[in-house]
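Participant: Sequence:
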Amino acid sequence: MEAFFWEWSPVILMAILSFILFLTLSEIAFRLIQRSFKSRDIDDHVTSLVARTARIILVIIGIVTALGTLKVNVTALVASLGLTGFALGFALKDTVSNLLAGVLIFLYKPFLINDRIKLGGFEGVVEKINLRYTELSNDGDKILIPNSKLFTDPIVVRKKEDTPAEEE
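First residue of the sequence shown: 1, per the working numbering; consecutive thereafter.
Because the hints were derived from the structure by calculation, they are not lab data. From a predicted model like this one, the values you see are computed outputs, not experimental measurements. Don't be surprised by glycine CBs; every beta carbon is placed ideally from N, CA and C. There's no promise every hint is true.
[Claimed, not checked] Capping the alpha-carbon separation at 30 Å, the derived lysine-lysine pairs in DSS-like fashion look like this:
| id | residue 1 | residue 2 |
| --- | --- | --- |
| 1 | 38 | 149 |
| 2 | 149 | 118 |
| 3 | 159 | 149 |
| 4 | 109 | 71 |
| 5 | 142 | 128 |
| 6 | 38 | 159 |
| 7 | 118 | 128 |
| 8 | 142 | 93 |
| 9 | 149 | 160 |
| 10 | 128 | 93 |
| 11 | 149 | 128 |
| 12 | 159 | 142 |
| 13 | 109 | 142 |
| 14 | 109 | 160 |
| 15 | 118 | 93 |
| 16 | 93 | 109 |
| 17 | 149 | 109 |
| 18 | 118 | 160 |
| 19 | 149 | 93 |
| 20 | 160 | 142 |
| 21 | 38 | 160 |
| 22 | 118 | 142 |
| 23 | 38 | 71 |
| 24 | 128 | 109 |
| 25 | 109 | 38 |
[Stated by the list, open to error] Per label pair, the in silico range of CB-to-CB distance:
| id | residue 1 | residue 2 | range |
| --- | --- | --- | --- |
| 26 | 137 | 25 | 41 to 47 Å |
| 27 | 85 | 123 | 36 to 42 Å |
| 28 | 84 | 159 | 39 to 45 Å |
| 29 | 135 | 77 | 38 to 44 Å |
| 30 | 135 | 40 | 22 to 28 Å |
| 31 | 113 | 70 | 48 to 54 Å |
| 32 | 153 | 128 | 16 to 22 Å |
| 33 | 23 | 122 | 45 to 51 Å |
| 34 | 68 | 157 | 50 to 56 Å |
Please build the complete structure, drawing on both the sequences and the hints.
Facilitator: Have a look at this one:
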């Protein structure tokens, strides 16, 4: 038992240290991304999404590295992570498409809150923009349009200052 301890303690220590290193790197990356994106005036939703994604990826790499250091065969784990990612990506294709379109809308700002937009048979004033959909209002009706539609279909945008004033 004592021989086992002395044989494996350096390996276990290296695994723990490698995991702590990746955990630290994930926190540094998270903060750097947040600081960098905020200095470029990129939307908070996009900043949070990218920073959290980077953090999760680095933690997963840290876990796989630590397990590999412990001589665990990680080939099956890495393959299953890849297959899981593929399956989730395929199953959530529309959601991911809306999220990516939302990120691009936040980055390029083709329209803003209070602009009037027209898409297909829908028209209204932009009330809210989030990562999955954009909310329009028209005569008291709330219209939710998936961001992928706003990014792929032609839209007419009337900026707030271009909208004719309502006559009283």
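Participant: Now tell me if each hint is right for this structure.
Facilitator: Hint-by-hint comparison with the structure:
| no. | hint | result |
| --- | --- | --- |
| 1 | 38 to 149 | 27 Å, holds |
| 2 | 149 to 118 | 12 Å, holds |
| 3 | 159 to 149 | 19 Å, holds |
| 4 | 109 to 71 | 49 Å, violated |
| 5 | 142 to 128 | 10 Å, holds |
| 6 | 38 to 159 | 25 Å, holds |
| 7 | 118 to 128 | 15 Å, holds |
| 8 | 142 to 93 | 25 Å, holds |
| 9 | 149 to 160 | 21 Å, holds |
| 10 | 128 to 93 | 23 Å, holds |
| 11 | 149 to 128 | 16 Å, holds |
| 12 | 159 to 142 | 19 Å, holds |
| 13 | 109 to 142 | 21 Å, holds |
| 14 | 109 to 160 | 14 Å, holds |
| 15 | 118 to 93 | 25 Å, holds |
| 16 | 93 to 109 | 23 Å, holds |
| 17 | 149 to 109 | 15 Å, holds |
| 18 | 118 to 160 | 13 Å, holds |
| 19 | 149 to 93 | 14 Å, holds |
| 20 | 160 to 142 | 18 Å, holds |
| 21 | 38 to 160 | 26 Å, holds |
| 22 | 118 to 142 | 14 Å, holds |
| 23 | 38 to 71 | 41 Å, violated |
| 24 | 128 to 109 | 13 Å, holds |
| 25 | 109 to 38 | 16 Å, holds |
| 26 | 137 to 25: 41 to 47 Å | 44 Å, holds |
| 27 | 85 to 123: 36 to 42 Å | 39 Å, holds |
| 28 | 84 to 159: 39 to 45 Å | 44 Å, holds |
| 29 | 135 to 77: 38 to 44 Å | 41 Å, holds |
| 30 | 135 to 40: 22 to 28 Å | 26 Å, holds |
| 31 | 113 to 70: 48 to 54 Å | 52 Å, holds |
| 32 | 153 to 128: 16 to 22 Å | 19 Å, holds |
| 33 | 23 to 122: 45 to 51 Å | 46 Å, holds |
| 34 | 68 to 157: 50 to 56 Å | 51 Å, holds |
The structure shown violates the earlier hints numbered 4, 23.
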